[in-house]
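Chains as they are written, first to last, in this note's numbering: chain A, 1 to 359; chain B, 360 to 661.
No lab work stands behind these hints, which were simulated from the structure alone. Nothing here was measured: the structure is a model prediction, and the numbers come from that model. Check before you lean on any hint, since a few could be wrong.
Said to hold, decoys possible - Anything over 10 angstroms on all C-beta distances counts as not near chain A; from chain B, calculated: (1) F472; (2) L496; (3) W530; (4) L622.
Stated by the list, open to error - Between beta-carbon pairs, the in silico distance windows are: (5) B/L649 <-> A/K104: 27 to 35 angstroms; (6) A/T111 <-> B/E420: 34 to 42 angstroms; (7) A/N63 <-> B/T644: 52 to 60 angstroms; (8) A/G136 <-> B/A448: 46 to 54 angstroms; (9) B/A448 <-> A/S135: 33 to 41 angstroms; (10) B/G452 <-> A/D25: 40 to 48 angstroms.
Where a beta carbon is used, it is the ideal one built from N, C-alpha and C, also for glycine.
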Amino acid sequence: MATVSFRALVKAYGDLEVVHGINLDVEDGEFVVLVGPSGCGKSTSLRMLAGLEDTSGGDILINEKVVNEVAPRDRDVAMVFQDYALYPHMSVFENMAFSLRYRKTPKAEITTRVMEAADILGLEPLLQRRPKQLSGGQRQRVAMGRAIVRKPQVFLFDEPLSNLDAKLRGSMRLEMKKLHRRLGVTTLYVTHDQIEAMTLADRVVVMNNGHIDQVGTPDEVYKSPKTLFVAGFIGSPTMNVLPAIRDADGSVRVGGADGFSIDRSDIPEDAPQNLVFGIRPEEVFVGETILDDKGPVVTAIVDVVEAQGPDTLVFASLGGHDLTIRTRPDVKVKAGDAVQVQLNISRSHLFNKETGRTL
Amino acid sequence: MFLKPKTKRNREIAFIWMLLLPALMVYLFYRIIPLLWNFVLSFSFWSPGKPFEYAGLYHYEEMLFYDDAFWTALKNTAVFMLATPISIAIALGLALLVDQKIRGRSLYRTLIFLPYPMMVVAVGIVWRWLYNDSVGLINYVLRSLGLIDQPIAFLESYSFAMASVMVAAIWQIVGFFMIILLTGLQNIPAHLYEAAVIDGARAHHRFWRITLPLLRPSIFLCVILGVIASFTSFDLIYTMTGGGPGLATELLITYIYKASFTLSRFDYAAAVTIVMFFLFLTLATVANRLAGGDAGKVDIAD
Ligand SMILES: Nc1ncnc2c1ncn2[C@@H]1O[C@H](COP(=O)(O)OP(=O)(O)OP(=O)(O)O)[C@@H](O)[C@H]1O
Ligand SMILES: [Mg+2]
Numbered sequence: 001m002a003t004v005s006f007r008a009l010v011k012a013y014g015d016l017e018v019v020h021g022i023n024l025d026v027e028d029g030e031f032v033v034l035v036g037p038s039g040c041g042k043s044t045s046l047r048m049l050a051g052l053e054d055t056s057g058g059d060i061l062i063n064e065k066v067v068n069e070v071a072p073r074d075r076d077v078a079m080v081f082q083d084y085a086l087y088p089h090m091s092v093f094e095n096m097a098f099s100l101r102y103r104k105t106p107k108a109e110i111t112t113r114v115m116e117a118a119d120i121l122g123l124e125p126l127l128q129r130r131p132k133q134l135s136g137g138q139r140q141r142v143a144m145g146r147a148i149v150r151k152p153q154v155f156l157f158d159e160p161l162s163n164l165d166a167k168l169r170g171s172m173r174l175e176m177k178k179l180h181r182r183l184g185v186t187t188l189y190v191t192h193d194q195i196e197a198m199t200l201a202d203r204v205v206v207m208n209n210g211h212i213d214q215v216g217t218p219d220e221v222y223k224s225p226k227t228l229f230v231a232g233f234i235g236s237p238t239m240n241v242l243p244a245i246r247d248a249d250g251s252v253r254v255g256g257a258d259g260f261s262i263d264r265s266d267i268p269e270d271a272p273q274n275l276v277f278g279i280r281p282e283e284v285f286v287g288e289t290i291l292d293d294k295g296p297v298v299t300a301i302v303d304v305v306e307a308q309g310p311d312t313l314v315f316a317s318l319g320g321h322d323l324t325i326r327t328r329p330d331v332k333v334k335a336g337d338a339v340q341v342q343l344n345i346s347r348s349h350l351f352n353k354e355t356g357r358t359l
Numbered sequence: 360m361f362l363k364p365k366t367k368r369n370r371e372i373a374f375i376w377m378l379l380l381p382a383l384m385v386y387l388f389y390r391i392i393p394l395l396w397n398f399v400l401s402f403s404f405w406s407p408g409k410p411f412e413y414a415g416l417y418h419y420e421e422m423l424f425y426d427d428a429f430w431t432a433l434k435n436t437a438v439f440m441l442a443t444p445i446s447i448a449i450a451l452g453l454a455l456l457v458d459q460k461i462r463g464r465s466l467y468r469t470l471i472f473l474p475y476p477m478m479v480v481a482v483g484i485v486w487r488w489l490y491n492d493s494v495g496l497i498n499y500v501l502r503s504l505g506l507i508d509q510p511i512a513f514l515e516s517y518s519f520a521m522a523s524v525m526v527a528a529i530w531q532i533v534g535f536f537m538i539i540l541l542t543g544l545q546n547i548p549a550h551l552y553e554a555a556v557i558d559g560a561r562a563h564h565r566f567w568r569i570t571l572p573l574l575r576p577s578i579f580l581c582v583i584l585g586v587i588a589s590f591t592s593f594d595l596i597y598t599m600t601g602g603g604p605g606l607a608t609e610l611l612i613t614y615i616y617k618a619s620f621t622l623s624r625f626d627y628a629a630a631v632t633i634v635m636f637f638l639f640l641t642l643a644t645v646a647n648r649l650a651g652g653d654a655g656k657v658d659i660a661d
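Let's have the full structure, built from the sequences with the hints guiding it.
Below you can see the structure in the form of structure tokens.
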């Protein structure tokens, strides 16, 4: 049982600073997912927590104790790597028993714990095999088994599912969730797959370029993104963004001449003129889904219609700007149509164009 | 089959044979035929200008029961082969050192590797000078340091000659082994060490439980190459001591040379060669078996 904190954590390689003083508090038993594009510093942060990389500034705390100088073996964390890092010359059993041997665990206890983990993960029939003789999914399980036999304070996962095919990834995701519920161990999980982040996390940490842009529940980061980056990164298809200009009278003009105006007298006086208007594809209504009072109705030209089964994606253009609409499959539109679309203003967002932050 | 390449597959096979042929011919004429000829010769009486006569096991009996020099050469060869494990141990140490992120490591690598491509005769001559009792560098240094009063004639001394020759042999091959082991080391994924660090394995655990087992194929490749080198270190011995003093550094290979070209006993030399060949074959097979049949392969799961 453990809490984890980053306090102004910095990592630099020589002159190149890649993690810029991030702050994070992970509660005991929480499942936190670090998500962000490639190169944003997710792995680096995780590796500093594991003790595989030195910190360049700030502190890492486990259970309120600074562990910057504590050796990896004494931090009591277990890590699962993207390529699993299984010891190729050892059997599955030996792979899982490895860490226990170096923790002075009695032989009988080692066997019990390995068998216990093997039982949880369905690895019993494979215990005598070498990693080479396993499928990708089986190797992934062994890597998890190696982590759980330790009964560590904290689990660290660095893109553990990214080497699996889409279907297996889906089922392993579910298993990870169950496993976490069963063991209740504090978990930090790194991925660049936002679906993994949204489905697994108690809280999502969105990282961008060495900074943390937002920490929140999946619902929070989806519904109330704090920055334009978060808005664009979370959600698929991504949030629609349209240029917006604030007028002196408190109204905001969205999408230029062919667009629409909304009344936003609530935004502060000192807000800049140049804004960005954001709205999720499912908050744009078309055809019979248009309701009274939800927001302005404007005309858009349909470019492409993509039927996806449960819902249909309509790619349209509004005054020359791309607008993606997610609608019901029974709504009939076809490419080339000029259609009426309605924007659900209560679910829209305004960002400062300069800083990318929400107003 | 060569002459009527009707199907595509036949044509392919014919092409493969065509490419293999030159190498196979060389192998046949310089390896297989001499070996077979040796085999025949070892059961015969023959020397240049004399008629060929069947000898049965005569030469083998002489060798095994009456020839002390053969046994000495065999024992010396066994001792000389200790150079291989010693070289591997040193090479492993060096490989671990130059695998670190140290300044100028590529320079060290080059320096250590440098002796290997040198001509063995040149190595022998350089070391003969180094060991020389009147002008040699080693004696000079030892005397300057006050470690010895009288110069030591290393290569003429019964107690030092073998060790001295082995030092030269080790010096030459260590760089080559180091490169083989370094390649093996660098093929071990860094993540394995990181996983082990987190799992709680200390540096020496990681060495014994991860580095060494995963280097096994590379190590046994060195063993096999070392065994071959020690059986065939003719040039080095010949230039440094000529097998002397007495029989102190006589190896099987120098003994075979002397039997043939000094004593003109080609038939007897052939018998010794056959014995050496089978000893060598056995050792190489055992080494390869110990390496799991994959000496030189890198044992990493994808
Ligand atoms: N050893 C290193 N030396 C210099 N720069 C490094 C080193 N390791 C990582 N970096 C840099 O640090 C930044 C963050 O890397 P990191 O591996 O944490 O990214 P990531 O968020 O995990 O990305 P990915 O999703 O691709 O794994 C990158 O810009 C990377 O180039
Ligand atoms: Mg990464």
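Checked hints:
1. F472: 28 angstroms, holds
2. L496: 44 angstroms, holds
3. W530: Given a closest Cβ separation of 32 angstroms, the condition holds.
4. L622: 51 angstroms, holds
5. B/L649 <-> A/K104: 27 to 35 angstroms: 32 angstroms, holds
6. A/T111 <-> B/E420: 34 to 42 angstroms: With a Cβ separation near 59 angstroms, A/T111 and B/E420 fall outside 34 to 42 angstroms, so the hint is violated.
7. A/N63 <-> B/T644: 52 to 60 angstroms: Check passed, 57 angstroms falls within 52 to 60 angstroms.
8. A/G136 <-> B/A448: 46 to 54 angstroms: The hinted range 46 to 54 angstroms is violated for A/G136 and B/A448, with Cβ atoms some 38 angstroms apart.
9. B/A448 <-> A/S135: 33 to 41 angstroms: 39 angstroms, holds
10. B/G452 <-> A/D25: 40 to 48 angstroms: Since the Cβ atoms of B/G452 and A/D25 sit about 47 angstroms apart, the hinted range of 40 to 48 angstroms holds.
Of the numbered hints stated above, those contradicted by the structure are hints 6 and 8, listed in ascending order.
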